[in-house]
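Chains Y and U, in that order, are what the protein sequence lines are. Residue numbering for the first sequence follows the numbering used here, beginning at 1 and increasing consecutively. Residue numbering for the second sequence follows the numbering used here, beginning at 1 and increasing consecutively.
Since the hints were derived computationally from the structure, they do not count as laboratory data. Cβ coordinates follow ideal geometry from the N, Cα and C atoms, glycine included. Be a bit skeptical, because a hint or two may be false.
Listed next, with one range per pair, are the computed distances between beta-carbon atoms [what the hints assert, rightly or not]: (1) ILE15(Y) <-> ALA159(U): 33 to 41 Å; (2) LEU150(U) <-> ALA46(Y): 40 to 48 Å; (3) VAL74(Y) <-> LEU81(U): 30 to 38 Å; (4) ALA207(Y) <-> GLY77(U): 20 to 28 Å; (5) TRP132(U) <-> THR160(Y): 38 to 46 Å; (6) TRP211(U) <-> ALA38(Y): 55 to 63 Å; (7) ASP160(U) <-> ALA211(Y): 21 to 29 Å; (8) ALA79(Y) <-> THR125(U): 54 to 62 Å.
Which chain Y residues face chain U? A few, computed with CB under 10 Å, are given here [claimed, not checked]: (9) ALA73; (10) GLY154; (11) LEU201.
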Amino acid sequence: MWRDGALVAGKDLRIEARSRVVLNQVAPFGLVVLVLFAFALGPSPAPLTNAAPGLFWVSVLFATVLAVQRSVAVESSEARDGLRLSGLDPAGVFLGKTLAVAAELAALEVILAVGVVLFYGVVVHSLWALVAACVAGTLGLAAAGTLYGALAGGLRVRETLLPFLLLPVVAPVLVAGTRAWQSALGSGGGTGGSGDPWLRLLCVFAAVYLALGVVIFGPLQEAS
Amino acid sequence: MTLSTADAPTAGRVVPKWTRRRTWTVRILGIAALVSIVCTVWLGLWITPPDKVQHQLVRLLYIHPPIAWVALYCAFGIAALASILWLWPRTRSPLWDRLAASAVEVGAVFTALTLVTGSIWGRPTWGVWWAWDARLTSTALLFVMLLGYLALRRVPSDADTRSRRCAVAALIAAVDVPIVHFSVDWWKTLHQGATVLNANLSPTVHGSMAWTLLLGFVAFTLVFAWMLAMRLRIETLEQALEGAELDEALHERWAEGDASVGASARRTEPAEAAP
C-alpha cells in the first residue's frame, strides 16, 4: 500500500513539476483572492489583520478545489482505466493522490502565508502552532478532496459539482484552522484562547478522512 | 393513494404491484398521519395556553422541534444506514439505494422546513431572521450536503454506477456530521456566550403543552414515514418506467429496421407490445 502510494504520488508530482499548472495558475489565483479580500474590506489595516486567519483559510479552500480538479484532470478516462488495471492497491492510489495534493497545497500555503504577512500586516506569535495547523488541515483537505475528486471524476459536470459537494464538507477545517491560526497569531479580538482543541479537531478530521479513503477508495474507483 | 401501474408501458419488464396488505398499511399510515396532524394543530392552536414569556409564539414549539427531529435523525439516519447496507456486498440490493435516495429527498424537505420555521420563530424572539448559532449553522450545512447528494443523483449515468456513487457520497457526508456538530458547537461557545435559544428552551414544558409536543413528534414521524413510503414507490415506478421506455424505444427501432413494416405499423408497435 505504502509503496503504491509513493509511486502514485511520485507520478502526480512529476506531472506537476513538468506542467507547473498548480504553481503557475493556482498559486497566483490564491494571491489574487487575497488582494480581492483587501479590496472588499477597505484600505484600513485593522479589519484585514483581524480577519487574516479566516481569509487565509478561505483562500486555501478555493485553491484546494482547483488543485483537486487538476489532480482529477491528469487522469483522463484512459489514464483512469490504466490506473485501475495496473494492479495497484486502491488504498495506495488514494494515499498517493492525497499526498501529491497535500504537497502541492503545502507549497501554496507557504506562498499564501507570506502573502498574508506582507499584505495584511499580521504578526506571528507561534510559528510552530501555525505550521502544525497547516499540516493537519492540509492532510484533511487533501484526503476529503481526493475522495470527492474520485467521486466526481468521470462526470461531465465535474467542474461545477465538485465545489458544491466539497466545500460544505470541509467547513470544519475552515472553522478549526481559522481558530488555530487566531490563537497562533494572537488576533481575533482576544477570543482566540488556546488553539490546542482546534488542532486536535483538525487531526481528527484528517485521520477520519484518510481512514475512510483507504477503506472506500476501492469501491469508488469502480464507479468512476 | 395507491398508484396504478396498469397503464405503464411494460414492454420488457413487469412493474411489481403493491400487495393488498402493503397498500392498506400505507393507507392506514397516511390516515394516522393526517389525524395526528389535525390533533396537533387543534391542541397546539386552541387547547394549550399561551406561554408566560413567549405568549402565542410558543405554539411554534409543537412543530419546529418535531420537524427538526425527523429531518436530522430519521431522514439522515435512514439514508446513512441504507447507503452502508448497499455498499456492503452481502446486503446489496437496489432497494437500499432507492430507500437512501427517498430518505434524502424527504429529509431535504424537512430540513428546509426546520430552517424556515426556525427563522419564523427567530424573527420575533431574537429580532433577526438568522443567528450564527451552532444548531442553525450545522443544520444549514447539513441542508447543503443533502442538496449536494440530490445534485449528484441527478447526474445521468447507469443505475449501478449511480447507486455506488451516491452511497459513497452519503457515507462521506455522514462521517462529517459529528465533526460539523462539534466544530460549530465549540465555535459558537468560543465566539458568543449563551444564546437566546438556550434561554428560550429553558422553561420546562409540562401539562397539556408536553402532551401536545409529544403528539407533534408522533405526528411528524408518521408524516415522514408515509412520505417516505410514497416516495419509495414513485422511485421504484420511475426506474421501472425508464427500463420500459428503453425497451419500447428498442422495439421501435427494430420495427423501423424491418423493411416490410410501414410507418403506421411503427405507431401501433407499443400497443402490441403491452400485455
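Hint check:
1. Evaluation of the 33 to 41 Å hint for ILE15(Y) and ALA159(U) yields a pass: the beta carbon distance comes to about 34 Å.
2. The hinted window of 40 to 48 Å between LEU150(U) and ALA46(Y) holds, with their beta carbons roughly 42 Å apart.
3. Range check, VAL74(Y) to LEU81(U): Cβ separation about 36 Å, and the 30 to 38 Å hint holds.
4. Evaluation of the 20 to 28 Å hint for ALA207(Y) and GLY77(U) yields a pass: the beta carbon distance comes to about 24 Å.
5. One distance hint, 38 to 46 Å for the beta-carbon pair TRP132(U) and THR160(Y), is violated here, with the actual separation near 28 Å.
6. A hinted range of 55 to 63 Å holds for the C-beta pair TRP211(U) and ALA38(Y), which are about 58 Å apart.
7. Our hint of 21 to 29 Å for ASP160(U) and ALA211(Y) holds, since their Cβ atoms are close to 26 Å apart.
8. In this structure the hint that ALA79(Y) and THR125(U) lie 54 to 62 Å apart at CB holds, the actual value being about 56 Å.
9. The restraint placing ALA73(Y) at the interface with chain U is violated, with a minimum CB-CB distance near 18 Å, outside the 10 Å limit.
10. With 10 Å as the threshold, the beta carbon of GLY154(Y) comes within range of chain U, its nearest partner Cβ sitting at about 8 Å, so the hint holds.
11. Annotation: LEU201(Y) was flagged as interfacial toward chain U, and the flag holds, the nearest CB pair being 6 Å apart, inside 10 Å.
In this structure, the hints that do not hold are numbers 5 and 9, in rising order.
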